[in-house]
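Residue numbers (our numbering), protein chains in the order written: chain A, 1 to 114; chain B, 1 to 106.
Calculated directly from the structure, the hints in this document are not laboratory data.
Please note that a few of the clues may not be correct.
Some chain B residues flagged as far from chain A (calculated, every beta-carbon gap over 12 Å) [said to hold, decoys possible]:
1) Gln6
2) Asp10
3) Leu13
4) Ser19
5) Val29
6) Gln42
7) Ile44
8) Tyr69
9) Ser76
10) Val84
11) Ala88
12) Asn91
13) Thr103
14) Val104
Think about it this way: if two alpha-carbon atoms lie no more than 25 Å apart in a straight line, the pair counts; the simulated SDA-like pairs of lysine to any residue are [said to hold, decoys possible]:
15) Lys102(A) - Phe96(B)
16) Lys57(A) - Leu71(B)
17) Lys102(A) - Thr20(B)
18) Lys102(A) - Pro106(B)
19) Lys100(A) - Gly16(B)
20) Lys102(A) - Leu59(B)
21) Lys100(A) - Leu13(B)
22) Lys57(A) - Asn91(B)
23) Lys102(A) - Tyr73(B)
24) Lys100(A) - Thr80(B)
25) Lys57(A) - Leu59(B)
26) Lys9(A) - Ser60(B)
27) Lys9(A) - Arg95(B)
28) Lys100(A) - Ala98(B)
29) Lys102(A) - Lys105(B)
30) Lys100(A) - Val104(B)
31) Lys100(A) - Ser26(B)
32) Lys100(A) - Pro50(B)
33) Lys102(A) - Gln14(B)
34) Lys100(A) - Gln14(B)
35) Lys102(A) - Thr5(A)
Idealized CB from N, CA, C, for every residue including glycine.
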Amino acid sequence: DSGVTQTPKHLITATGQRVTLRCSPRSGDLSVYWYQQSLDQGLQFLIQYYNGEERAKGNILERFSAQQFPDLHSELNLSSLELGDSALYFCASSVGGQGKEKLFFGSGTQLSVL
Amino acid sequence: GIQVEQSPPDLILQEGANSTLRCNFSDSVNNLQWFHQNPWGQLINLFYIPSGTKQNGRLSATTVATERYSLLYISSSQTTDSGVYFCAVNNNDMRFGAGTRLTVKP
């Protein structure tokens, strides 16, 4: 158990809908990262937050947004869902925000858009 | 952005064999980690190794930062070693290679 908690584990929804994925980092970790893993794209970095502030941005679509709350948990919001958004979404956490720390991953949320 | 290339893409071994996985990266990095994704999808951190050599049981890793590559060694492989091995590097953000899919046959 990495100590990173993601909910829900599975999510099935329809095209055009909006969903929210939740992540609680390990105790003491200030950084949260979101990744998307699809069969044809591998593990794609979406966004990183450090202590409530956006730290780095990757290949995140405009239909997607994220935030980190004062209690350090994070949510990833996916809207106007398309079939191609079906993927495994991972959250990871680390102690600091400089990118030099070890990453610990949650077990992921499997999103299926039908 | 930084490019991360892993080789080989696929590897099939008989139980007990040894293997070497390679990760090349295109720019200087301040962080390099190796992960194992098991058949259930879970990502496990194996090594945090921006430079030097580390060993953990049957696994060891070496990163030569000046030459921009890292190697993961698996000795006496077991069926439970099967899965995908990812290298991830940090330049401005943490980027993953495409992975090496390892299958260990009994």
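Here's how the hints hold up against the structure:
1. Gln6: violated, 10 Å
2. Asp10: holds, 14 Å
3. Leu13: holds, 22 Å
4. Ser19: holds, 21 Å
5. Val29: violated, 9 Å
6. Gln42: Its Cβ does come within 12 Å of chain A, the nearest being 6 Å, so this is violated.
7. Ile44: violated, 8 Å
8. Tyr69: Fine: 19 Å to the nearest Cβ keeps Tyr69(B) off the interface.
9. Ser76: holds, 26 Å
10. Val84: violated, 9 Å
11. Ala88: Per Cβ check, Ala88(B) is inside 12 Å of chain A; nearest 7 Å; violated.
12. Asn91: Non-interface label on Asn91(B) violated, nearest chain A Cβ at 8 Å vs cutoff 12 Å.
13. Thr103: Given that every Cβ of chain A is farther than 12 Å from that of Thr103(B), nearest at about 17 Å, it holds.
14. Val104: holds, 22 Å
15. Lys102(A) - Phe96(B): Given that 25 Å is the threshold and the Cα spacing comes to 14 Å, the pair holds.
16. Lys57(A) - Leu71(B): Since the Cα atoms of Lys57(A) and Leu71(B) sit roughly 28 Å apart, the hinted pair is violated (cutoff 25 Å).
17. Lys102(A) - Thr20(B): holds, 22 Å
18. Lys102(A) - Pro106(B): Status violated; Cα separation ~33 Å.
19. Lys100(A) - Gly16(B): violated, 34 Å
20. Lys102(A) - Leu59(B): holds, 18 Å
21. Lys100(A) - Leu13(B): violated, 33 Å
22. Lys57(A) - Asn91(B): holds, 13 Å
23. Lys102(A) - Tyr73(B): Holds - the C-alpha atoms of Tyr73(B) and Lys102(A) are around 20 Å apart, at most 25 Å.
24. Lys100(A) - Thr80(B): Violated. Lys100(A) to Thr80(B) sits at ~29 Å, over the 25 Å cutoff.
25. Lys57(A) - Leu59(B): violated, 33 Å
26. Lys9(A) - Ser60(B): violated, 32 Å
27. Lys9(A) - Arg95(B): The hint holds at about 24 Å.
28. Lys100(A) - Ala98(B): holds, 21 Å
29. Lys102(A) - Lys105(B): Roughly 31 Å between the alpha carbons, so the hint for Lys102(A) and Lys105(B) is violated.
30. Lys100(A) - Val104(B): violated, 32 Å
31. Lys100(A) - Ser26(B): Measuring from Cα to Cα gives roughly 18 Å; hence the hint holds.
32. Lys100(A) - Pro50(B): Status holds; Cα separation ~9 Å.
33. Lys102(A) - Gln14(B): Given that 25 Å is the threshold and the Cα spacing comes to 31 Å, the pair is violated.
34. Lys100(A) - Gln14(B): violated, 36 Å
35. Lys102(A) - Thr5(A): OK: Lys102(A) and Thr5(A) at ~17 Å, within 25 Å.
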